[in-house]
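Let the sequences and hints guide you as you build the complete structure.
Number 353 in full-length UniProt numbering belongs to position 353 of the sequence shown; there are no gaps in the numbering.
Hints are computed from structural coordinates only; laboratory data are not their basis. It is possible that some hints are incorrect.
Calculated pairs, DSS-like style, for lysine-lysine (alpha carbon to alpha carbon, straight line, at most 25 Å) [said to hold, decoys possible]:
1) Lys212 with Lys299
2) Lys394 with Lys321
3) Lys331 with Lys368
4) Lys331 with Lys299
5) Lys391 with Lys371
All values reported here derive from a predicted model rather than from experimental measurement.
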Amino acid sequence: MQIYLVGGAVRDQLLGLPISDRDWVVVGATKNDLIKLGFQQIGKDFPVFLHSQTREEYALARTERKSGIGHIGFSFCTNQYVTIEEDLLRRDLTINAIAQSKDGRLIDPFNGKDDIKNRILRHVSYAFIEDPLRIFRVARFAARLAPQNFTIANETKLLMKKIILNYEINEISAERIWEETEKALQSSSPEIYFQVLYDCGALNIIFPEINKLFGISKVTGFISKIDVGLHTLFALKIAASLTNDIEIRFAVLCHDFGEIFTKEENYSDNHNFFVHVYTLIDVMCTRLRIPNRIKELAKLAARFHPLIHNINKLKPDIVVKLFDQLDCWRKPERIYQLAIVCEADFRGWLGREHFFYSQGQFMIEAFKILKQISSKHFIKHGMQGIEIRDKLIKIRIQVYTEWRKQQNILPI
1 MQIYLVGGAV
11 RDQLLGLPIS
21 DRDWVVVGAT
31 KNDLIKLGFQ
41 QIGKDFPVFL
51 HSQTREEYAL
61 ARTERKSGIG
71 HIGFSFCTNQ
81 YVTIEEDLLR
91 RDLTINAIAQ
101 SKDGRLIDPF
111 NGKDDIKNRI
121 LRHVSYAFIE
131 DPLRIFRVAR
141 FAARLAPQNF
151 TIANETKLLM
161 KKIILNYEIN
171 EISAERIWEE
181 TEKALQSSSP
191 EIYFQVLYDC
201 GALNIIFPEI
211 NKLFGISKVT
221 GFISKIDVGL
231 HTLFALKIAA
241 SLTNDIEIRF
251 AVLCHDFGEI
261 FTKEENYSDN
271 HNFFVHVYTL
281 IDVMCTRLRI
291 PNRIKELAKL
301 AARFHPLIHN
311 INKLKPDIVV
321 KLFDQLDCWR
331 KPERIYQLAI
341 VCEADFRGWL
351 GREHFFYSQG
361 QFMIEAFKIL
371 KQISSKHFIK
381 HGMQGIEIRD
391 KLIKIRIQVY
401 TEWRKQQNIL
411 PI
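The following block contains the structure:
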């Protein structure tokens with residue numbers, strides 16, 4: 001029996017990156033051999049075992065053969081005669097197809113170490129095209145390893161486009177796509193993930209709402225024209241530099257969905273306009289099983305970011321109404337999240353990435369002042385329901401007006 005460290009742990013070790021998980025492959029053993037040694041079997045599709053003490057995963061070496069459609073359409077063979085080289089052959093990228101023996105020796109049949117040195121993401125074999133999920137995995141690795149200057153090999157890009165042409169990408173479950181996307185959103189360069197999907201044609205199939213942003217020109221006061229899709233990815237890059245919160249990062253992706261409808265006369269009515277924007281976000285999030293907490297912030301960002309950009313110019317009653325619509329009295333974190341979303345949007349233009357965004361801090365300070373006004377006083381004096389609401393609105397407007405004067409801001 002030989003045991004090898006494989007996959008991401010070997011890759012990250014060679015890159016000098018922290019190792020979060022260690023996966024192992026066992027060669028020359030059977031399922032019963034591992035069970036006798038005290039390993040706990042957890043894999044349903046193929047034999048994977050947990051070590052009784054470290055709780056790390058150990059898998060029997062296996063080969064795979066395409067036997068169906070989609071990323072789960074594979075049959076596997078696992079026995080004591082499967083070699084480590086055969087096991088590595090089924091992996092997606094050469095940088096993930098390196099094993100390390102107990103004595104530190106590297107087994108690298110596909111030159112993954114050279115690709116790590118040259119910062120190349122390259123497929124292991126032509127069998128790469130048999131698994132459509134690999135498009136998303138490559139995009140995710142491109143996002144994760146962008147700070148190390150990794151790029152995708154041209155021949156791998158061609159295979160990714162071939163996968164699109166065989167339509168098996170539609171067979172991937174929504175949950176699996178979101179799992180890869182969520183990991184990408186947590187990476188240091190999430191914008192690369194969506195750029196890779198756009199370049200190979202997957203974005204138009206899986207995220208058609210985001211794909212529609214490309215090709216739309218937006219006019220701003222600072223720059224005459226810019227492609228909304230490119231702006232969105234630039235804004236996402238800025239957001240990633242400001243926060244690790246994937247709710248915020250996803251909201252940045254959706255904040256300009258309104259641009260899809262702006263040139264259509266049917267959506268000139270303000271209410272109907274946002275109904276359609278909300279519907280677009282709802283449809284995408286339902287289709288991909290995206291959690292409600294993420295969806296709700298995206299909808300708020302899409303609707304209210306233009307107001308927040310001008311919050312220091314809004315009349316006091318509009319500011320108070322805005323805070324009511326954001327439901328920030330119950331969910332104060334939304335103020336801080338939307339401040340970052342709007343900063344990313346504001347700075348997400350070429351030449352403006354280092355600008356200071358004062359509106360975000362203005363909104364936070366205004367909210368802190370108004371949040372001090374409590375309904376407890378009115379309840380104590382016997383007020384109820386609508387009467388309390390109206391009184392709160394009136395006092396908040398008064399307090400905000402006075403606070404603006406103290407900030408030496410001219411009345412509107």
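Going through the hints against the structure:
At roughly 17 Å between alpha-carbon atoms, Lys212 and Lys299 fall within 25 Å of each other, so this suggested pair holds. Restraint check: the Cα-Cα separation between Lys394 and Lys321 comes to about 11 Å, which is no more than 25 Å; the hinted pair holds. Proximity of Lys331 to Lys368 is assessed by CA-CA distance (about 13 Å); at most 25 Å being required, the pair is judged to hold. With a C-alpha separation of about 15 Å, the suggested pairing of Lys331 with Lys299 holds against the 25 Å cut-off.
This hinted pair checks out: Lys391 and Lys371 have alpha carbons roughly 14 Å apart, not beyond 25 Å.
The structure agrees with every numbered hint stated previously.
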